[in-house]
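Chains F and A supply the protein sequences, listed in that same order. First residue of the first sequence? That's 55 in this note's numbering, and the numbers climb one at a time after it. First residue of the second sequence? That's 113 in this note's numbering, and the numbers climb one at a time after it.
Be careful, since some hints might not be right.
[As the list claims (entries may be wrong)] Stretches of chain F that chain A covers, calculated by requiring three or more beta carbons in the stretch to come under 8 Å of a beta carbon on chain A: (1) 116-129; (2) 140-148; (3) 157-171.
[As the list claims (entries may be wrong)] Keeping only pairs whose Cα atoms sit at most 35 Å apart, straight-line, the calculated DSBU-like set for lysine-lysine is: (4) F/K266 to F/K186; (5) F/K239 to A/K118; (6) F/K239 to F/K266; (7) A/K118 to F/K125; (8) F/K185 to F/K239; (9) F/K125 to F/K186.
Calculated from the structure, these hints are not laboratory results. We treat Cβ as the ideally placed atom computed from N, Cα and C, and that holds for glycine.
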Amino acid sequence: MAAMILQARQLSKAFGGVRAVDGVNFDLTQGEIQALIGPNGAGKTSFVSLLSGRIAPDAGQILLAGQDITKMPAHLRVQRGIAYTFQITSIFPGLSVFDNAALAAQSRGARDLTAAVTTALTQVGLNDLHKKIAGSLSYGHQRLLELAMGLALTPQILILDEPTQGLAAGEIDDFTALIRSLVPKMTVLLIEHNMEVVMDLADRITVLTQGKVLARGTPTEIRANAAVQAAYLGGHDHAAA
Amino acid sequence: MTEAAKIWGLHLGVVLALLAAQNLLPPYYANQLARVLVLALFAMGYNIAHGYTGMLSLGHALFFAVGMYGAGLAVWHLEWTAFPALVIGVIAGGITAAAVGLLALRTTGVSFMIVTLMFAQTGYLTILYFGSYTGGDEGFVVEAIGRQVFGFDLAQDAPRGLFALALFALGLLAKLWLVRSPFGRVMLAMRENEDRSRMLGYNPFRVKLIVLVISGIYAGLAGAAYGVLFGYVGASFATVQYSILPMLYALMGGAGTVLGPLLGTTVMFVLVEIASLITSAQLLVVGVALVCLVLFAPRGLLGVVRDRWLRWLP
């Protein structure tokens with residue numbers, strides 16, 4: 055069995071009276087692509103925010119390669135190889151595309167900064183735009199820049215929060231090919247609403263509803279799972295949205 | 113010509129132009145230029161913290177004053193010459209900024225402004241309280257020995273002007289190097305999007321503390337230089353006015369530009385000179401100029417130049 059690179063044990067977080075993440079147990083296996091799905095408000099973003107350290111849990115434990123990182127601040131988790139790309143694009147709008155990617159690359163001590171930035175930008179197809187001011191890019195290109203910043207961090211674990219939102223159909227194909235090329239060197243955790251992308255890419259899927267794990271399994275198992283269909287796929291057809 | 117050559121060429125050219133101006137201007141104006149250069153050094157330090165890193169401080173008068181008093185008291189009580197006195201000023205500015213930063217950087221935005229202002233006011237009152245050592249609100253004159261540097265007498269116009277220019281040039285080129293370095297990029301990242309910077313692996317507290325110490329070193333050097341060059345140390349330099357002035361100079365010239373503080377300080381001095389020929393209410397003219405700036409060029413003079421024409425300007 056492959057090694058568990060990231061684990062969550064009984065992880066919980068409440069905002070006011072809302073239990074956004076409620077006793078979640080979760081494993082990420084080295085080198086896999088795992089998708090995290092669930093209806094809006096299921097706690098997906100809250101859950102990965104706990105993993106990346108953006109917010110602190112009320113209870114539970116997070117282990118990185120067996121080591122407890124529950125109390126480790128976010129910037130140190132990034133240094134240890136957990137990269138998080140934002141759902142709502144969060145780039146540096148006043149800086150150039152190059153500088154945006156360079157901030158990620160130099161943070162992990164890239165020896166040849168220009169080469170590292172060029173590699174990351176070429177992977178997402180933005181290298182021709184490296185002199186542009188990031189805020190002037192189209193929304194889709196900003197999403198790709200966000201992804202390039204994640205790649206430039208050369209993480210062990212790449213957490214992608216709705217990366218295909220706002221991408222054109224052709225760009226989505228490039229995106230899936232790119233993500234597939236990253237494993238097994240990297241491990242990918244993908245929050246995604248586009249079911250085609252999820253079914254196409256994921257080795258395993260975890261389904262969250264109301265802060266709890268509803269089901270987990272391979273894409274085929276999840277498709278056949280009656281509880282998932284009732285709670286999620288049946289009710290609101292997000293695949294069509 | 114590469115972009116780097118263009119940028120370094122421009123800034124060295126500015127230094128050479130200032131050297132020419134020092135020699136060509138009549139003594140009164142050459143002396144005013146020396147004041148402009150020292151205050152521009154202060155404003156450059158302010159700009160590193162505010163214009164580049166986004167920390168809006170109202171406490172920089174404290175860093176300026178501890179530099180000035182560090183140098184001045186070393187001359188008064190220990191009879192040091194100008195160079196070691198300046199070194200003490202720099203160290204005092206840096207250490208004070210570190211101490212203030214360790215506490216004040218737990219806050220951001222308006223709270224940071226208020227906490228830094230509070231520290232600066234405490235510094236001002238401390239100077240008054242220990243009047244027997246500091247000269248209180250009358251201040252004191254820096255004795256002749258404290259104005260000697262490497263055999264030159266800083267009380268004379270020519271050496272004073274050159275020394276002011278040398279310190280300014282050092283500060284300018286160091287700042288240019290800093291903002292073009294990878295760390296300079298991280299400074300901008302803090303200003304633009306602190307949360308994202310954290311998720312790229314940077315510790316905002318640490319970065320901002322380092323920047324505040326650099327800024328405090330500039331302010332301390334400027335304060336110490338002001339004391340030994342112009343021969344007077346006084347509590348008025350620790351008042352809130354001296355926290356506002358470097359901010360205004362930097363905003364006028366262009367926050368987040370390397371040459372902006374020099375331009376802003378020069379323009380403000382020229383405005384006050386011209387206004388004082390016409391009216392005794394010079395500050396009214398300055399006030400109108402600032403209102404116009406906010407209305408028509410909120411990014412400052414060089415900020416406009418950079419947005420419109422010279423995108424490469426650091």
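Hint check:
Only residues whose beta carbon comes within less than 8 Å of a beta carbon in chain A count, and the region 116-129 of chain F has 3; three or more means the coverage holds. With a cut-off of 8 Å between beta carbons, the region 140-148 of chain F has 6 residues touching chain A; three or more are needed, and the interface restraint holds. Look at the region 157-171 of chain F against chain A: 6 of its residues bring a Cβ nearer than 8 Å to a Cβ of that chain, three or more, so the hint holds. Straight-line distance between C-alpha atoms of F/K266 and F/K186 comes to about 43 Å, which puts the hinted pair past the 35 Å bound.
At most 35 Å may separate the alpha-carbon atoms for a hinted pair to count; F/K239 and A/K118 exceed this at roughly 43 Å. Straight-line distance between C-alpha atoms of F/K239 and F/K266 comes to about 29 Å, which keeps the hinted pair within the 35 Å bound. Pair hint A/K118 plus F/K125 does not hold up; C-alpha atoms about 48 Å apart against a cutoff of 35 Å. Restraint check: the Cα-Cα separation between F/K185 and F/K239 comes to about 30 Å, which is no more than 35 Å; the hinted pair holds.
At most 35 Å may separate the alpha-carbon atoms for a hinted pair to count; F/K125 and F/K186 exceed this at roughly 38 Å.
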